[in-house]
Amino acid sequence: MTEGAPLTEVKTSVTVSVNGRSIEAAPGELVIEVAERAGHYVPRFCYHPRMEPVGMCRMCLVEVDGPRGPTLQPACYIKVNDGMSIITDSEKVKKAQDGVLEFLLANHPLDCPVCDKGGECPLQDQTLAHGSGETRFIEEKRHFVKPIEIGELVLLDRERCIQCARCTRFSAEVSGDTEIAFSGRGDLIEVAPSPTEPFDSTFSGNTVQICPVGALTAKPYRFTARPWDLEQVESTCTTCAVGCRVAVQSSGNRLTRLLGVDSEPVNHGWLCDKGRFTLDAIDGHEGDVDPLRASSRIRQPLVRENGTLREATWGEALSRAASILQDASSTPNGVGAIGGAALTNEGAFAWERFVRGVLSSDHLDAQYDDGLDGAFIQALPAATIDDAAHARVVVTLTGDIREELPVLFLRLRENFVQRKNSLIEFTFGPSALRSLATVSMPVRPGEAHVVAKALATSDGKVAKDSTVTDAQLDAARRLIGENGDGVVFIVGRPNMAESASVLETAIRTLAEAFPAATFLPALRRANVRGALDMGLGPRLRPGRGYDEKCEGRRTLEQLEAMRTGQQTAVLLLGGCLLGNVLDVEGATAALEAAKVVVVTGHGGKTLAYADVVLPAAVQHERHGTVTNIEGRVTNVTAKIVPPGSAWPDVAIAAELAEACGQSLGIDSVQLCAKVIEETTGYPALSIMNDVSDEGVVVGHAKERVERRPLDPMAFPGIRSTNTVGLGELTGALVSDSVHAGTTQTIATLDEVAAGRGVDVGHFDAYGLGLNISRRLYDHGIMMQGSPALANLVAKTTALLNHFDLDRLGLATGDEVQVNAPSGPISLPVAMNDDTPRGTLGVVFGGVDADGNDGATAKLYDPSVVITQLKLATT
Amino acid sequence: MSHLRSDLRQRAEEIVALYPRKRSAMLPLLHLAQEQDGYLTDEGIAEVAELTGTTPADVRGTASFYDMYHLEPVGKYVVGVCTNVACLLAGGIELLEHASETLGCAVGSTSDDGLFTLEETECLADCNIAPCVQVNHRYVRTTTPDAFDAMVDELKTGRRDHDIPSHGTLIRVRRSGGLRASKSDVASERSDAKAARDKREEEKK
Amino acid sequence: MAVLDAPRIVTARERFDDSYTFARYLETGGYAALRKALTMFPEDVAAEVDAASLLGRGGAGFPAGRKWSMLRKSPVSYLVVNGDESEPATFKDHYLVERDPHQLVEGVIIAAYALQVNQAFIYIRGEFALGLERVQQALNDAYEYGALGSKVFASDFSIDIVVHPGAGAYICGEETALIEGLEGKRGFPRIKPPFFPAVNGLYGEPTVVNNVETMSNLPWIISNGGAAFAALGGGRSAGTRLFALAGRVKNPGVYEIEMVKNTFRDLIYDPNLGGGIINDRTIKAFIPGGVSAPWFGPDLLDLSLGQDEVAEKGSMLGSGSVVVFDETSCVVRATWRITKFFSRESCGQCTPCREGSGWIERAMYRLEHGGGRMEDLDMLLDLCDNIAPGLTWPPQQTTICVLGSSIPSSVHSAISMFRDEFAQHVNDGGCPFD
Ligand SMILES: Cc1cc2nc3c(=O)[nH]c(=O)nc-3n(C[C@H](O)[C@H](O)[C@H](O)COP(=O)(O)O)c2cc1C
Ligand code: SF4
Ligand code: FES
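Residue numbers (my numbering), protein chains in the order written: chain Y, 409 to 1282; chain D, 90 to 294; chain B, 36 to 469.
Do not take every clue at face value.
[Said to hold, decoys possible] Using 20 Å as the maximum straight-line C-alpha spacing, the simulated SDA-like pairs for lysine to any residue come out as follows:
#1 Lys500/Y to Ser104/B
#2 Lys293/D to Ser104/B
#3 Lys1266/Y to Glu1223/Y
#4 Lys165/D to Leu107/D
#5 Lys186/B to Glu209/D
[To be verified] Not close to chain Y: a few residues of chain B, all C-beta gaps over 10 Å, as computed:
#6 Gln154
#7 Cys382
#8 Leu418
#9 Pro424
[Said to hold, decoys possible] Residues from chain Y shown here face chain B by an in silico Cβ test under 7 Å; the list is partial:
#10 Tyr485
#11 Ala504
#12 Ala514
By construction, these hints were calculated from the structure, which means they are not laboratory data. A virtual CB, placed ideally from N, CA and C, is assigned to each residue, including glycine.
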């Protein structure tokens, strides 16, 4: 033993030999990984680095020395141990592998020329690399009816299946919904859903992506392109705020496919189906030109003339917009901006500079009052996704994470299922994590802060009639521990019908009571964190700065000011205001009362009130950076050019400033990114320059995460990433007229929350508190623009606890009359025991039997902290 | 609402309680669901999924692994003729062909009157009386075409109802008795025994 | 001549029609062994079984005592009894569960006591509907009698036994697949290591899996002592054993005879046993231990019925089933049917087994039914070699479990022993026996 070495040494490394050469490995590492590191790639099919090995396909057989001499063992299953000798290149290994390949091909159809996977098929590749080229199999091949639909989005060609169990394992192990499973036995094994519950998992597309043959295909992608026509860039998905890394592929200027990239800190290669399959909303249907339809893209600037929108030149539209906004800004507080969560950081920065610098207004808000206060979020001690995925205890105070931030759900699930860590849920309504929760506390509208208070007080109790029990509180307290060490709170807005003050108060209470805990904000909309970090919100400055002096109106306050005539114009960053607020009536009145300039890529109902519409590039059409829920900044890369004469937001903001007679001093995205980084220290240009990268979490030291080499067996279809050159930077730096963000101050919770409180008022024991929660498949723009997903849009149903249903004498499927503020509404009811007693749950953006999406808004009373409803009994 | 009849539902819950984990009750529960419906209906599968904490796709996938579960309706009598090696040597294939003629249905299908489903089985472990024939998993020991036909007549006229329950019924004897000791009692019993044994080992040394 | 003077150990009650009833069992000394075992220390009960050198009767022939002693260091959580008997032409466990269920139950309680296990499962093949009923009835009787349940016979030992019905899958006889079945899953065998039941069995806990016949021997061993059992038989093969004799013999059936002291010839020809070939024809070949085993020709008829003796000649006693072919039996047809069995029963996980079994079956079908080519024979042997490299015995594996590596046994045996008969099929364009 060497001098000074500790007496008991934990072995952190073992030595094995691969084909005679020694290599170090971690104990427990798989032979297949070690051999690959040693430069000997072992062929494989069933093995997938993101799932537990099963050792089924037997393609990876290698010789491993054991007590009785070398034997053939599956490299994907065997873990190395010290002194192990591995042979991957002997005659015996080769014969065994060739044998397996021949067996795999025996029943495999010879339809490569018409197969979607042809050209990027692991089986095809293996065959070309190892196959003998001729078949000894002269028997009739196994026959199945050609592709069958196993879900809304996925087709299965059973003849092509090689029974690797990747898809079924994904379903059982990763997404946990087990909607598909092997059925049958022997060579009649097939993948099958239940006829009563088709394969409609939120994550079904992942099975298509990891299928090593063309057995599973995606309806939206089927036959749209051949692999060799595809070009690819790596980017970030901005359908929600998880920020999954994606390979964006197009054939010419048509987006064809999105594939999940194996990003270690974020998505592990997975995507949700909404992110993956809503490409049609971007370039799917050239025919749609009606700007009032959400499925239309805006291709040309539009101006209102004689009450209708007509196409205009950029010059005309810009000067109309400039004069509207400047006129309004000539009176104090006469103008404001709403939206911006769908922008890139650069776009958000440019608009922030425009509104604060050119229009001298602090009234800007990237959220529609359906999130949490931006300054408040920034003041919370931050957790990353990885932190949450490894935390000893996770506490959720948010909506259904699978519906709002789908891939975060997968990462969390892995924490509870594989690492057996604990989940404590504040349960407000349906939750896919519920079955994994150690403690699930049903919380009614307007009570989260009360429960939080009780939790934060050692032996605190809740009121007698509460839906939470003292035993639940005790159990939760025990898990959280004294100061919350190792605990991650995931906080969002579970209930859109409840004022943000309830959750904000609850969160603040918890943050103060458990100072060692960290927080992951579950704001769900695309680049909402980036927009806030760029200052698109009251009291926020670019570069995650806080400045209490620049307090401005939030969205609802702006709408109110428009209705009362104080604010005479609004700049809408994004075209979906009416699709995003609950008080549609109030918002409509506001839009009618004011002048409206809309910068948007998509059409929508809101445009009916627009005076000027400026067409903008949307995701996959623009370069820049975005920031996800954990504050990670990554790049987004344009793959296609925007339709018509749409521009990137940075250019629109810059030109609009010019039309107002000022200069933003930024005329390109790169320059904008450079300015952001130089003036605020917020990572931007450095991220754009490094396109295949996990980015950096703001406030964390940059840690280069080594990517494992791309394995086309594990991630078929993805090519190694192309680097997109950004070119030289030219042009002036920040002009004097528009000063960049002041030095950042990190606000404290005290400062941020000063003067804010909550008063829920009287809770009527016979009323039902309204909970409006989010669904992934809502009736939003991306869904409306993607016909393939139309059938998945959520249905508006009143969810009630069985206790309330019994009390009311109702059963699933019955209709109930609700006395809503705007008059009686009839809704179908369904039993849902995740919905606490005394709560009526509905989804936001659901549609009724006729496809109308208005019912939810009608239930909501915008004038109170929580909405209480009475049912009309018949 | 339970799809299983209330007595079967009660039995199902008893069965679940027998196992340390409820999924373990899968096979007996599927037998039970099949006993009620004759085959595994969507409703039966959904109820087994609920009882075992799994999903319908999972239950269906599991059931389809096992030959005795029927995912499609079958006749009142499922007739199995073995043609595996011992029976093959005794004319199993010929008897199967004969059975197909007598019952009026091809192997793997059901007769028009819905009375019989004919299956070619693997070895039924009764090879001394070959070829081996089972009806609803009861050995009927008819090795010749004539004996087979006579047996079919008996079935048709109901004369075998006492020893061949109608489709699906597997175990007619219900469990009675059980451990009836609490888990902790059993655990302490066991730890006492272990302590005693350790002491004995100690003494031996 | 066969040596038939050994005591009947597991078939002692054969002469009674009501051998399966509780009354008959008690009358013939039932549960005395359990009472005796309970007066002993558990480790002494296990030692007795070790002394008996009782080899497992499920196929692999591993000594039961050794299996247990390997485990007694760490507590065993579950005892699982394997009554899934589905190996073609094996029907001895069927006999035991139907004819003497109490003996099985008593054996299981004794084993549980020795292992200090409080929960046992008896997994019985679903097709044994009557057997399932009888075992359940025996359990009910035993509960009522106090031999089962809390405080067995007022001792400090409690045990619960649950009968678990199988549902028709040969592979669930393989112990890890059986455990999957007990966990309510598809019967996919698990990979060993790490899933040796002894370490990582039912619910991931240490589990002993033993065959029905192995268990049924225990009451006698405890009553008469391990030494008495070990005195029977010879070499490593102690005691008597049940042989299931099937095929072209006059008296097929289950015979309990002493190991080693008898030969295959005794079993097949002794008038008290097989009684010779039907119509006194000549024997062509026989399978010594289930269809997973390589075949023997008549030259090995005088081989002793002992585990090591058979292994030495390149096959196994396996599940104790002996299938006899005579001059009228078509080996091509038999081989085809056996490969069809494997193809139907392959669980489908491993490519070589799943695809190989189906391919071989289809090629064998062609050979039997007239579409065969001479080159098929070498191709078949090569496919077999790709499943079990080297075609040695015991086989090398490319698959998770040995079902896969058993597929080549019959094909390899038949082609190497009866190449002419295959040639005749090819040349005649069909089966010469039809
Ligand atoms: C394909 C396959 C099928 C088997 N079938 C049976 C069976 O039906 N019954 C049995 O007891 N053992 C069977 N076995 C052996 C078991 O895996 C296990 O070795 C045995 O149950 C252990 O019991 P024993 O030690 O008492 O023999 C089978 C093994 C394989 C590989
Ligand atoms: S060898 Fe065959 S039966 Fe055994 S695990 Fe593999 S596929 Fe299943
Ligand atoms: S068995 Fe190892 S990759 Fe399939």
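Q. Under the criterion that the straight-line Cα-Cα distance not exceed 20 Å, is the pair Lys500/Y, Ser104/B satisfied?
A. 37 Å, violated
Q.
Less than 7 Å between beta-carbons is the criterion; does Tyr485/Y satisfy it with respect to chain B?
A. 6 Å, holds
Q. For the pair supplied as a hint, Lys293/D and Ser104/B, is the alpha-carbon distance within the 20 Å limit?
A. 17 Å, holds
**Q.** Satisfaction of hint between Glu1223/Y and Lys1266/Y, Cα-Cα up to 20 Å
**A.** 17 Å, holds
**Q.** Proposed interface contact between Ala514/Y and chain B, which counts if any beta carbon pair is under 7 Å
**A.** Cβ of Ala514/Y sits 5 Å from chain B, so the hint holds.
**Q.** Pairwise hint evaluation, Leu107/D against Lys165/D, where the allowed Cα distance is 20 Å at most
**A.** Violated: Lys165/D and Leu107/D sit about 30 Å apart, past 20 Å.
Q) Are Ala504/Y and chain B close enough, Cβ to Cβ, to be under 7 Å, as the hint says? A) Holds. Min distance 5 Å.
**Q.** Non-interface claim for Pro424/B versus chain Y (Cβ beyond 10 Å)
**A.** Given that some Cβ of chain Y is not farther than 10 Å from that of Pro424/B, nearest at about 6 Å, it is violated.
**Q.** Least C-beta distance between Cys382/B and chain Y, which was stated to exceed 10 Å
**A.** 6 Å, violated
Q | Whether Gln154/B stays farther than 10 Å from all C-beta atoms of chain Y, as the label says | A | With a cut-off of 10 Å, Gln154/B remains clear of chain Y, as the shortest Cβ separation is near 24 Å.
Q: Could you grab the alpha-carbon distance between Lys186/B and Glu209/D and see if it respects the 20 Å cut-off?
A: Violated: Lys186/B and Glu209/D sit about 47 Å apart, past 20 Å.
Q) Leu418/B: least C-beta distance to chain Y exceeds 10 Å? A) 8 Å, violated
In terms of the numbered hints stated before, the structure departs from hints 1, 4, 5, 7, 8, 9, listed from lowest to highest.
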